[in-house]
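Enquirer: If you want the building blocks of each chain, they are given just below.
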Amino acid sequence: MRLWKTILAAAMLSLATGTSAFAARTDLVIGIPLEPPHLDPTAGAAAAIDEVLYANVFEGLTRIGPNGEVLPDLAESWTISDDGKVYTFKLHTSVKFHDGTDFDASDVKFSLDRARADNSVNAQKGLFAAIETVDVVDPATVKVTLKNPQGSFLYNMGWGDAVIVAPESADTNKEKPIGTGPFKFQSWAKGSSITLVKSDNYWGTPASLDKAEFRIVPDAAAYVPALLSGDIQAFPFFDADSVAQVKDDPRFKVVIGATEGETILSINNKKPPFDKLQVRQAISYALDRKAIIDGASAGLGVPIGSHMSPANKDYLDLTGRYPHDVAKAKELLKEAGLENGFKATLKLPPPSYARLGGEIIASELRDVGIDLEIIPVEWAQWLDQVFTKKDYDLTIVSHTEPNDIDIYSRKDYYFNYDNPAFDKVIADLNLTSDEAKRKELLGQAQKILADDAVVGFLFELPKVGVWDAKLQGLWENAPIQANDLTKVKWSE
Amino acid sequence: MTAYLLKRLAIAVATLVLASMVVFAVLEILPGDPARLMLGMNASADQVELLRNQLGLNAPLPWRYLHWTGGLLSLDFGRSYTYSVPVIDLVRERLAVSLPLALIALALSTVIAIPVGLYSASRRGRAGDTVAMGAAQLGVAVPNFWFALMLIYVFAVWLRLVPAGGFPGWSAGVWPALKSLLLPAVALALPQAAILARVTRSALIEVLNEDYIRTARAKGLPYRAVLWRHALRNAMIPVLTILGLQFAFLLAGTIIIENVFYLPGLGRLVFQAITQRDLIVVESVVMLLVAAVIAVNLLVDLSYAVVDPRLRSRQ
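Heads up: the sequence lines are chains D and X, in that order. By the UniProt record's numbering, the letter at position 70 of the first sequence is numbered 70, and the numbering carries on one by one without gaps. By the UniProt record's numbering, the letter at position 108 of the second sequence is numbered 108, and the numbering carries on one by one without gaps.
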């Protein structure tokens, strides 16, 4: 018996020392739920494209940091003219694309002109709408002239859709992306995985990882076994309902962060009876955010009272504007002449926050006399019927684009909301670059939306990341859609 | 024999044409716009229209149908909207997973089912038969995704013999690729084997009651020889029919198992293409599958003629 114990102890010791004798790992396999349709961030809205390539393979003039801040990237510094219309960017020199061609100001001009061209199918063409001209001053300096001052211009240039591409490779980036980042593209096994390797001639701080593989795992049921078997070491976007299975396991780290996904109960503001303010306010009073968050996001979401992420520096806490109050809701409905309640439909897209949240919201609205018929739809149907044709009463969706409060001022947007006072605030905001002034305007915008109860504000979608406890440097929050691996490394 | 063959072929061609019409019509009615899906919620209506034109989605329906079927005839399956690569390339990549997987699963299920069926039929009503058929009943009843998860926990998480999922590609070597197909093949094969074993058993039992079996036994042939030479051969027709159906299912109907093991198979390609409204991919892949099913059925029909000489001589 004692002999066995000795042998066992010796074996374990040799195993332990054996593993620690190796240097820290330099490879990483990351699980992602959706496969990117192609690999060109300037030619599609799919979040999965940026979640593989942003900051890793492609870089922009500026970039967005882990907490949503604007940082210099290919532009080392910049100056802004006094009228706020001319941005002069000083570029890093001796930067090369992965195919060996040089990066200079002409690539910046090419990329920005391409994105805003008439025939451009850039999914975020609005980011470039303010640009009047892009001029090459010298190979290391580029001057961008705007039609009008735009407060968010530097932020806009940090989006994945605004990354700098080379004229030599722009047309083939969908299959073989060529950027300037610390990782270069190696291979794409369709339906299976995308592999990046460290770039040897990177201009900045080189990456710690030699190789990163993004493996596509569509089914949440496969996440836990993939982690337990060691096949995959990180899921930056884990399934909230499976967290319980790994949260007490010391081999893994569970990190709950914030996204830019405002999850809302969208209301068709022009369709009676939702055109009445009292009806929309009644809905807001009827919602019990706590119950919705518990049911639709395993209790991990953060409540919101307007269209802004609580992680944002300009966030204003308006969650107390409409406390859960059934009596008040009924009273407002009575004022609107609907004391007997009414019937409406609730269209639900596939994500579980919508399907699960929808059940709870339907039961909460039933308590105040609003009888909802739940209609589950696919994304394609949702985009077609709800978003494009505005054929809906209520729907639940998470608006994941960062800093997108301006959607409420867009003409013909699917909320059908039209408030000149709000439009004025957004128009002023676009022309303002002073931080304090912007904060004030953004506060006003949030308040107007809450007062008008434009939609039912529910919660900020949580980012649930689970990864190997020895892994460092992955983002806790998701201020933009990205899996930035530039600072990721294994601890000893 | 020639007439039999020609008739089968004519039916196959007519089925293909009919299927192409149904597939095209059904998918075109489906609400949803691939261009809007690709550009997302921030793109303007003009931009969506621009992309629709670029993708050729604004051409009249009959023209698009003829363009598509004309392409199919010259083996041009079109270009995927979302991936913007030829559909045939996508299919080829996926078949490199789905075809070996289907074949391994089919082989496994046959190797398990036929002996079990034989054993059960020859021991009808005895303990061995009851146990075997009880197990088969269980095999039919257990949901295959649950069975797949159990396999993963035992062989990948606990014993670490095989990966929990994913497919490294054939370029990574034959053994690593095969290793990653092993568990999914078992997960797919067992329920199929259970069905096949039950069919084999009942077909055999029916045949074993025939007069010629008694005659064969009476003329002194050993039981084993009767079973293999006379009974099994005559029981093959229902077994082959089921095998043909199972192959068609294994090729494309394995989306659940592909998801659990995150394998890039044909089923997932179609599923993904439907959600993204990549209609050209769905249409072309479905047509290929229809063609495959028809071809397999044709083969099964022909194999009837091989196992049953009466079908050969009948004009």
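Honestly, the hints are just simulated from the structure, not real lab data. Values in this document were obtained by computation on a predicted structure and should not be read as measured data. Check before you lean on any hint, since a few could be wrong.
As the list claims (entries may be wrong) - DSBU-like mimics (lysine-lysine), calculated; alpha carbons at most 30 Å apart, straight line: (1) D:Lys211 / X:Lys179; (2) D:Lys470 / X:Lys7; (3) D:Lys109 / D:Lys96; (4) X:Lys219 / D:Lys198; (5) X:Lys179 / D:Lys190.
Enquirer: Now look at each hint and say whether the structure bears it out.
Expert: Verification of the hints:
A threshold of 30 Å between alpha carbons decides the hint, and for D:Lys211 with X:Lys179 the separation of about 23 Å falls inside it, so the pair holds. Between the alpha carbons of D:Lys470 and X:Lys7 the distance comes to roughly 67 Å, so the proposed pair goes past 30 Å and is violated. Our distance criterion of 30 Å between C-alpha atoms is met by D:Lys109 and D:Lys96, whose separation comes to about 16 Å. Using a Cα cut-off of 30 Å, the hinted pair X:Lys219 and D:Lys198 is violated, with the two alpha carbons roughly 78 Å apart.
Under the criterion of a C-alpha separation no larger than 30 Å, the hint pairing X:Lys179 with D:Lys190 is consistent with the structure, at around 19 Å.
Consistency with the previously given hints fails for numbers 2 and 4, ordered from lowest to highest.
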